[in-house]
Amino acid sequence: MKLLIKGGEVVAVDRLTVEKADVLVVDGLIAAIGKNLPVEGAEVIAANGQLVCPGLIDIHVHLREPCFEAKETIATGTAAAARGGFTAVACMPNTNSVNDNVSVVNFILAQAATAGLARVYPIGAITKSSKGKEITEMADLKAAGAVAVSDDGLPVTSAGVMRRAMQYAGMLDLPVIPHCEDHSLVANGVMHEGYYSTVLGLEGIPAAAEEVMIARDIILAETTGCKLHIAHISTAGAVELVRRAKERGLDVTCEVTPHHFTLTDQAVVGYHTATKVNPPLRSESDVAAIKQGLADGTINVIATDHAPHTLEEKAVAYQDAPFGLVGLETAVGLVFTELVATGVLTVVQAITKLSTNPAKVLGVPGGRLAVGEIADITIIDPLLETKVDPKKFASKGKNTPFSGRMLQGLPTITIVGGKVVYGES
Amino acid sequence: MGLQCRHLLGLEHISVADILKILATARPMKDIIKRQIKKVPTLRGRVVTTVFYENSTRTKMSFDLAAKYLSADVVGLSAIGSSIQKGESLADTARTVAAMGADVLVLRHPASGAAALLADLVPCAVINAGDGRHEHPTQALLDLFTIKDHKGSFEGLKVAIIGDILHSRVARSNIWGLTKLGVEVRVAAPATLLPPELSRLGVKVYTKVEEALAGVDVINVLRLQLERQKQSLLPTLREYAVLYGVNKERLALAKEDALLMHPGPMNRGIEITAEVADGDQAVITEQVTNGVAIRMALLYLLTGGEIVETIN
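Protein chains in written order, with the working numbering: chain E, 1 to 425; chain Z, 1 to 312.
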């Protein structure tokens with residue numbers, strides 16, 4: 001089985017360049033990259049003018065299965081991933097049961113294999129039932145296929161428990177992905193605390209709620225030596241904390257979501273529940289700091305925090321709606337429209353944050369196009385424009401604040417293990 | 001006809017022209033309330049529904065009477081003993097009420113933005129009778145009416161709002177309304193009860209009540225919810241009363257003819273002393289009468305009525 005991607009602009013993350021070349025895939029692996037590769041015996045994808053990228057990897061999604069199949073299933077979630085240009089996703093453990101034991105890992109992997117679309121990397125829980133009390137059987141989880149541990153959706157409130165978890169995960173070389181939020185500061189907050197929370201009369205979530213927890217976890221990571229990847233940072237103070245930790249040489253990485261570099265808390269005006277997300281949409285100065293952090297490399301990864309909910313769950317008063325929005329099918333368009341077209345990131349930097357760095361953080365295959373690598377490839381047309389239409393989403397979740405927004409730069413073909421899982425070949 | 005706005009969701013987005021029209025229309029409405037026969041046929045055949053998800057005495061009764069004085073049929077729905085208790089969503093409840101033929105839906109709800117949510121869903125006019133901490137526009141309008149009644153105009157006035165600004169929809173609506181009319185607005189509260197970036201709304205923010213009160217024309221004292229102490233927003237009610245309670249000495253810092261207002265219900269001895277609440281400068285019961293007049297004016301204007309000098 002041969003596949004030839006012909007005439008595209010190959011994004012070479014190692015050399016920091018974009019070069020016109022053909023990519024030959026044989027039996028699920030990249031067999032050759034070069035000019036004018038022979039066509040014979042291969043199915044040809046004409047990629048003129050398009051970016052041929054290492055498969056994008058979203059290291060922060062909620063696939064909702066088991067238990068919350070009304071919101072999303074592994075089949076619909078991976079279909080959304082493929083449509084959004086992601087060849088792999090790492091799914092958070094806040095399902096029911098929580099992914100805190102091997103049987104849930106096995107179930108997720110089996111469902112993903114049946115779906116046969118994007119690769120799925122399960123993330124195990126840090127603590128049993130994510131209750132923050134007792135650490136999970138992390139060695140067992142890792143052996144079954146978990147690539148990291150996180151209690152995403154909830155903080156590990158006890159610093160003592162977090163310290164032990166980091167020591168244990170560090171021993172196993174499992175990255176710890178904390179959801180940094182001090183609940184005593186969040187209280188009943190539903191949006192960023194600032195001018196707009198004052199005007200809208202909604203309870204605010206101060207930036208400090210995120211920052212004090214990030215500071216704590218950086219200190220604990222330093223003393224335990226664990227690999228720390230901070231989920232969804234959203235404030236200027238958070239960027240600064242990570243920047244300083246990196247300057248000290250710590251093994252700390254972090255991610256930001258497309259909605260946090262695109263929208264501010266002003267988007268909440270009108271009380272549209274699609275804008276209710278945790279961490280909340282922040283102020284203009286936070287967004288500016290996030291963009292600076294992306295440009296200077298403080299922020300390594302762009303991840304969606306794809307969080308589907310049903311229509312009826314979101315069709316309620318703002319304070320009563322669940323947190324979360326869907327991101328898989330708008331991420332690439334937002335990265336290209338908001339970051340690449342505006343000069344915040346180059347194409348290579350953007351793809352590095354969407355593919356290479358996520359692969360490094362989780363220690364999974366892919367992330368670069370090279371002979372012998374798995375043939376996970378995303379083809380992006382940087383000029384293709386579309387208006388976001390949630391009705392066309394493959395995801396069950398239609399909860400996006402970007403409905404109707406024009407995006408330029410979209411995935412056209414997604415290839416996983418040499419097989420086209422989205423787009424016309 | 002009527003108002004530029006189709007609903008009354010708050011004072012943030014309403015025009016000054018609409019505010020002035022409502023205040024002007026409330027004047028003849030107040031005359032009706034003072035008559036021996038308090039009923040005009042103006043809204044005969046019109047239906048007003050009140051949907052209350054929170055307990056309310058004065059606002060609910062005020063809307064009921066306003067509708068009745070104008071001969072509208074008024075039906076109320078409260079959170080207790082209705083489909084609301086059966087878990088029907090706010091949106092479904094509103095659609096049901098509207099489908100029964102309501103011309104005006106009056107909503108009180110604990111969630112900020114609830115009235116805005118409904119306004120997008122129902123064909124009738126929506127009046128926000130208080131949504132969470134967001135707005136309570138009819139209260140602010142009756143406050144404006146009361147001020148105008150006594151001061152003649154808004155020009156050059158200074159108004160101090162004292163108390164729990166953070167949780168207060170009355171404060172927010174008053175701030176929007178007063179600043180639109182060019183009034184200098186001051187707010188005073190402990191730092192724990194002030195929302196962030198308040199000064200961007202064009203108000204002066206104080207933590208010392210004496211500074212806020214110096215030379216003002218109107219003092220509007222907010223009710224302090226007694227549970228704030230448990231939320232560690234206040235050490236004790238006693239210390240709040242000592243630092244912020246409006247008493248005779250503090251009242252004397254304002255202009256000699258300053259009005260003392262309170263949206264009720266009062267915690268006498270906490271945010272306000274009985275002595276000043278019952279004193280000459282207090283217009284608290286007048287506010288209640290004016291509330292009925294304002295709500296009559298709104299029901300009339302939102303169903304398409306035009307401004308008039310008197311109503312028969």
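Since the hints were derived computationally from the structure, they do not count as laboratory data.
Glycine included, every Cβ here is placed at the ideal spot set by N, Cα and C.
Please note that a few of the clues may not be correct.
Pulled a few chain E residues facing chain Z out of the computed Cβ check, cut under 8 Å [claimed, not checked]: (1) E193; (2) Y195; (3) T198; (4) G201; (5) Y271; (6) L311; (7) E313; (8) A315; (9) V316; (10) A317; (11) Y318; (12) Q319; (13) T337.
The calculated label-pair distances, taken between Cβ atoms and stated as ranges, are [unchecked claim]: (14) S232(Z) with E134(E): 27 to 35 Å; (15) E210(Z) with C67(E): 53 to 61 Å; (16) S403(E) with R95(Z): 17 to 25 Å; (17) S232(Z) with E137(E): 54 to 62 Å; (18) T179(Z) with A208(E): 51 to 59 Å; (19) D173(E) with E197(Z): 41 to 49 Å; (20) S158(E) with E275(Z): 26 to 34 Å.
Example chain E residues on the side facing chain Z (calculated, C-beta under 8 Å, incomplete) [as the list claims (entries may be wrong)]: (21) S197; (22) L202; (23) G204; (24) D320.
Violated hints, by number in ascending order, as checked against the structure: 6, 7, 13, 17, 18, 20
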